[in-house]
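> Read off the chains here:
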Amino acid sequence: MYDVTVIGCGVVGAGIACELSRHRLSVAVLEKENDVACGTTKANSAIVHAGFDPMPGTAMARLNVQGSKMMEALCGELSVEYRRIGSLVLAFGDGDLETLRELFRRGKANGVEKMELLTGAQALAMEPNLNPAVAGALYAPTAAIVNPWGLAIALIQTAVKNGARLHLNAGVNRIEEAGGFYRIGTDAGVFETRYLVNAAGTHSDEINNMAAKPFFQILPLKGEYYVLDKSQGNVVSHTIFQCPDQNGKGVLISPTVDGNLLVGPTAEPADGPDDTAVTARGLAKAAETALRSSEKINFREAIRNFSGVRAATEKDDFILGASPDAPRFVNAAAIKSPGLSAAPAIALEVCSILRDMGLPLSRKEEFIPWKKHKLFRDMTEEEQKEALRRDPLYGRVICRCETVTEGDIRRALRDPIPPGSIDGVKRRCNAGMGRCQGGFCGPRVHEILSRETGMRMEKICQDRAGSFLLTGETKTGGAEK
Amino acid sequence: MKEYDVIVVGAGPAGLAAACEAYQNGAERVLVVERDKEPGGILNQCIHSGFGLHYFKEELTGPEYAGRFIDLLRATGAELLLDTMVLHVSEEKEVTMVNPRDGCFTARADAVILTMGCRERTRGAIGIPGTRPAGVFTAGMAQRYVNIEGYMVGRKVVILGSGDIGLIMARRMTLEGAKVAACVELMPYSNGLGRNIVQCLDDFGIPLYLSHTITEIRGERRVEGVVVSRVDGRGKPVPGTERFFDCDTVLLSVGLIPENELSKEAGIELDPRTKGPAVYENMETSVPGIFACGNVVHVHDLVDFVTAESRRAGAAAARFCGRADAWDPFEPAVPLENGENVGYTVPQHIRPGRIDRYAEVFFRVKRVFGDSVIEVSDGGKILSSFRRDHMAPGEMEHIVIPKRLLQNAGKITVSAKEGKRN
Chain V
2 MYDVTVIGCG VVGAGIACEL SRHRLSVAVL EKENDVACGT TKANSAIVHA GFDPMPGTAM
62 ARLNVQGSKM MEALCGELSV EYRRIGSLVL AFGDGDLETL RELFRRGKAN GVEKMELLTG
122 AQALAMEPNL NPAVAGALYA PTAAIVNPWG LAIALIQTAV KNGARLHLNA GVNRIEEAGG
182 FYRIGTDAGV FETRYLVNAA GTHSDEINNM AAKPFFQILP LKGEYYVLDK SQGNVVSHTI
242 FQCPDQNGKG VLISPTVDGN LLVGPTAEPA DGPDDTAVTA RGLAKAAETA LRSSEKINFR
302 EAIRNFSGVR AATEKDDFIL GASPDAPRFV NAAAIKSPGL SAAPAIALEV CSILRDMGLP
362 LSRKEEFIPW KKHKLFRDMT EEEQKEALRR DPLYGRVICR CETVTEGDIR RALRDPIPPG
422 SIDGVKRRCN AGMGRCQGGF CGPRVHEILS RETGMRMEKI CQDRAGSFLL TGETKTGGAE
482 K
Chain P
11 MKEYDVIVVG AGPAGLAAAC EAYQNGAERV LVVERDKEPG GILNQCIHSG FGLHYFKEEL
71 TGPEYAGRFI DLLRATGAEL LLDTMVLHVS EEKEVTMVNP RDGCFTARAD AVILTMGCRE
131 RTRGAIGIPG TRPAGVFTAG MAQRYVNIEG YMVGRKVVIL GSGDIGLIMA RRMTLEGAKV
191 AACVELMPYS NGLGRNIVQC LDDFGIPLYL SHTITEIRGE RRVEGVVVSR VDGRGKPVPG
251 TERFFDCDTV LLSVGLIPEN ELSKEAGIEL DPRTKGPAVY ENMETSVPGI FACGNVVHVH
311 DLVDFVTAES RRAGAAAARF CGRADAWDPF EPAVPLENGE NVGYTVPQHI RPGRIDRYAE
371 VFFRVKRVFG DSVIEVSDGG KILSSFRRDH MAPGEMEHIV IPKRLLQNAG KITVSAKEGK
431 RN
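The listed protein sequences correspond, in order, to chains V and P. For the first sequence, the residue numbers in this note's numbering are 2 to 482. For the second sequence, the residue numbers in this note's numbering are 11 to 432.
Do not rely on the hints blindly, as some may be mistaken.
Dumping the calculated EDC-like pairs for lysine to aspartate or glutamate here, alpha-carbon to alpha-carbon at most 16 Å [claimed, not checked]: (1) V:K460 / P:E428; (2) P:K285 / V:E178; (3) V:K231 / P:E275; (4) P:K376 / P:E428; (5) V:K386 / P:E275; (6) P:K67 / P:D314; (7) P:K285 / V:E82; (8) V:K476 / P:D381.
FRET-style restraints, in silico, Cβ to Cβ [said to hold, decoys possible]: (9) P:I392 / V:Q123: 34 to 42 Å; (10) P:K47 / V:N170: 48 to 56 Å; (11) V:G96 / P:T116: 56 to 64 Å; (12) V:G96 / P:D242: 46 to 54 Å; (13) V:R391 / P:E68: 29 to 37 Å; (14) V:D272 / P:G250: 20 to 28 Å; (15) P:S100 / V:R301: 49 to 57 Å; (16) V:E383 / P:E68: 32 to 40 Å; (17) P:K246 / V:A134: 25 to 33 Å.
Just so you know, these hints were derived from the structure itself, not from any lab. Virtual Cβ for every residue (Gly too), placed ideally from N, Cα, C.
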């Protein structure tokens, strides 16, 4: 019997689990996939929003601003990549200028600090590659970029290091109130828990409906993106938005913490909660819109496209709070943008809701954060020497585009939550994230995974369960069914 | 810091030939650095035959071709450092490396030869719509799995692009028992060698769909099929022409890109047309004493030409460090440009004073030609012309320009046009 069980291990669920693991509690996290951070957490804008966009008075506004203030310290504690680079919202006409004033007012009301309204010339002085037609901009220096899956992984590694249990491949099928506790049927067996937290992202309505009366519906909204090579990472040095419209904050261009350039997202209804397909129309729209912000983006340097699904609902806010009808059940549901920014604050909020429900929270004396490993390439000369003494395989470069060594990968494989797939290695070490997209290092990462884990080559997946790469050995009918 | 006459980055066909030639031309302290555990580069996974027809006048497999140069290199006094990655090359020709045995270290050379080869264009680079399941491989990656690791990557295959590796893999997968349903090419012509179309597709009854492309990949975890559409003259899919192919694997053979991250860091000027260093007649780059050859300069179809080009680079590097061929900033150099129907030229500059009798020029045409003429001109004045009865973008062209024509030239333009044989 667990004290608390969190359903879903994206950045929200991992954050809640991490916060809970600071207390004397038995905590479980149920994740339907074979790794953490596999949903919207790995497919978003990787932005910590300043917080001027959500309407004052919403949970989104409050938690975004609070989360944004917490993020730097949290990332510092977990050694997750974070850079406060600031953001600009561009205006291209009189209507847009009015929108900027409105955003500025909203930001003030939400408690966003240090915002400034800039003239077009001031904006161009800050970002020379912007469209020269820019008429004005809202500058928010508190906005930042972050490694979203890196943060989620560090949060759950920390939670597990401090006693929480993570159950992978544990998709939840039914939830029943069994008199003072819940019994949860999953693909990985039955779990019992006193308190239950729903952090199931685009599936959070389904989870709510298993435990409580339906009162919201996820209307999944897809956003398509381009990732461009590091050659484009300096086109801009801030996150650049255009004025928001009814479909959201619109297409942004932004450097990433890895030095790439991110372009997107579009906003189109998705074909279900897991519809992460990219479309010709969506990609064209993203590119066309982004070129309005800066015509200097060279889309021939694109290295990847992806799409993420927002857990949108009819209401323009998170659904965060005690369930109206199910006891000891908390929804951290419909967490769409700015969910990543708000995640640290959502974790605190959920803990306080649980406490109000009667969960005793007493802090552990000892809490040890798990720190994200520094890659060999980022180490100082001294650290590199020390790493090579520990494991000479830090001297073997496996991913040539991102300079990731076999030592980096082996270290990740010895973590509390090791990667079990090629993309799991990518999310932890960057191998395969560069311009060749794993063309060279994929088979080598595959081999290392097999050697270090004892899993057969054919059993190892690209990413989620079932995403197999090999059909068998050659000369032995490997192509036969 | 260890000192060398010549450091060669890479021990693929270009690096091996360049290193041998540098040694034979008087460079005594030659170091070849290779990231893989074996020398030979991509040839090691090219187990098919067809290599060496020009250079050795016999038909070899990739590993055999590499083996000849590995033997040659071993017979020299050159040092071969395997399992070692070059992390940085400076303009001062300091080469920083890392390997499991020695950790990080730096060596200096009088001359450096860059032979990092190329990488394959990926799905992300061309933005194929659809889901993102496993089972989409670049052809070279699949080739490594099949030929080096000994695993099959799928059972029912559609190949996008008709580059040579894709064609070779169509045959390879078929021979291993897979079904290759189609090879789909965006352009109205193949980008591969004519002989590969015949030997790898036609001989196995694999249909080639020209002016078609994949407009959607389907499948949630593993590829379950692709939608193929015809494209119009500008490469745009024509609505209504979609047809579904059931498959579990997509192989991409959609182009190769020279790998020049090290070159950029060394401050070497790149040619946007080739995406490789702009080179002189002796394969010297814009940084004196740094040479480049093979696929890092421009993508070749035949390794034989890589060898020839790399020998030139190796010999020049040896002369450079022997000071016989030192850099002279005032030395006249004739720029080469592509004219009509020509995509690029290599070299990009020729110093007439450094060639013996003629300069070799490589280029690619932009479309398919039947009877045609290559013209070499200097500001509108035709210096020389060459007849061809067939030219295609997938087949690199090679001409020689006599020294006497270059000596007084201002700017050389190479162009191609239709022309009947007299």
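> Could you run down the list of hints and mark each one as holding or not?
Hint-by-hint comparison with the structure:
no.: 1; hint: V:K460 / P:E428; result: 55 Å, violated
no.: 2; hint: P:K285 / V:E178; result: 64 Å, violated
no.: 3; hint: V:K231 / P:E275; result: 13 Å, holds
no.: 4; hint: P:K376 / P:E428; result: 13 Å, holds
no.: 5; hint: V:K386 / P:E275; result: 24 Å, violated
no.: 6; hint: P:K67 / P:D314; result: 10 Å, holds
no.: 7; hint: P:K285 / V:E82; result: 32 Å, violated
no.: 8; hint: V:K476 / P:D381; result: 45 Å, violated
no.: 9; hint: P:I392 / V:Q123: 34 to 42 Å; result: 56 Å, violated
no.: 10; hint: P:K47 / V:N170: 48 to 56 Å; result: 35 Å, violated
no.: 11; hint: V:G96 / P:T116: 56 to 64 Å; result: 58 Å, holds
no.: 12; hint: V:G96 / P:D242: 46 to 54 Å; result: 38 Å, violated
no.: 13; hint: V:R391 / P:E68: 29 to 37 Å; result: 50 Å, violated
no.: 14; hint: V:D272 / P:G250: 20 to 28 Å; result: 22 Å, holds
no.: 15; hint: P:S100 / V:R301: 49 to 57 Å; result: 28 Å, violated
no.: 16; hint: V:E383 / P:E68: 32 to 40 Å; result: 54 Å, violated
no.: 17; hint: P:K246 / V:A134: 25 to 33 Å; result: 29 Å, holds
Hints 1, 2, 5, 7, 8, 9, 10, 12, 13, 15 and 16 from the earlier list are contradicted by this structure; the remaining hints agree with it.
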